Amino acid sequence: MKKKPIEALNEKAKAIERLAEGEQATAEALSQRRMPQGCTTIFDTGWETNPRPTYPVGNCQASARDFHGCVGDCWWPAQMPDGLTNHRDFDVQCPNVARDWRNLKYD
227 MKKKPIEALN
237 EKAKAIERLA
247 EGEQATAEAL
257 SQRRMPQGCT
267 TIFDTGWETN
277 PRPTYPVGNC
287 QASARDFHGC
297 VGDCWWPAQM
307 PDGLTNHRDF
317 DVQCPNVARD
327 WRNLKYD
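Under the working numbering, the first residue of the sequence shown is numbered 227, with each subsequent residue one higher.
These are calculated hints, taken from the structure and not from any lab test.
Note that the structure is predicted; figures quoted are calculated from it, not measured.
For glycine and all other residues, C-beta sits at the position ideal for the given N, C-alpha and C.
Keep in mind that a hint or two might mislead.
To be verified - If you anchor each label on the Cβ, the simulated ranges turn out as follows: (1) 322 with 248: 51 to 57 Å; (2) 318 with 249: 54 to 60 Å; (3) 244 with 326: 50 to 56 Å; (4) 250 with 229: 29 to 35 Å; (5) 318 with 247: 56 to 62 Å; (6) 236 with 328: 39 to 45 Å; (7) 231 with 252: 21 to 27 Å; (8) 241 with 326: 43 to 49 Å; (9) 248 with 228: 23 to 29 Å.
Could you build all of it, start to finish, from the sequences and the hints given here?
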């Protein structure tokens with residue numbers, strides 16, 4: 227019994243097939259908005275570059291960088307508390323986030 231060939235079902239799969247057949251890749255804008263999307267306009271390079279001198283050089287513990295770097299700037303509203311208005315002292319009981327992150331309490 228001969229197997230059926232795999233058929234592309236969505237646009238991404240069809241685009242991959244077209245690329246395999248020799249079509250050139252094109253860039254498409256996902257949004258035509260002129261305003262930034264999301265909670266703020268802040269861009270932070272991330273924990274891997276360690277932009278703040280108060281954290282260890284290289285900052286190998288991403289969780290520590292994420293907690294302090296993302297809360298105040300309102301990056302991840304679903305995962306992190308709002309450190310600017312509602313939960314200003316969320317980390318008072320947990321001075322060492324890398325070691326004691328389980329002690330963080332949110333209202």
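message: To test your reading of the hints: which numbers does this structure violate?
response: none
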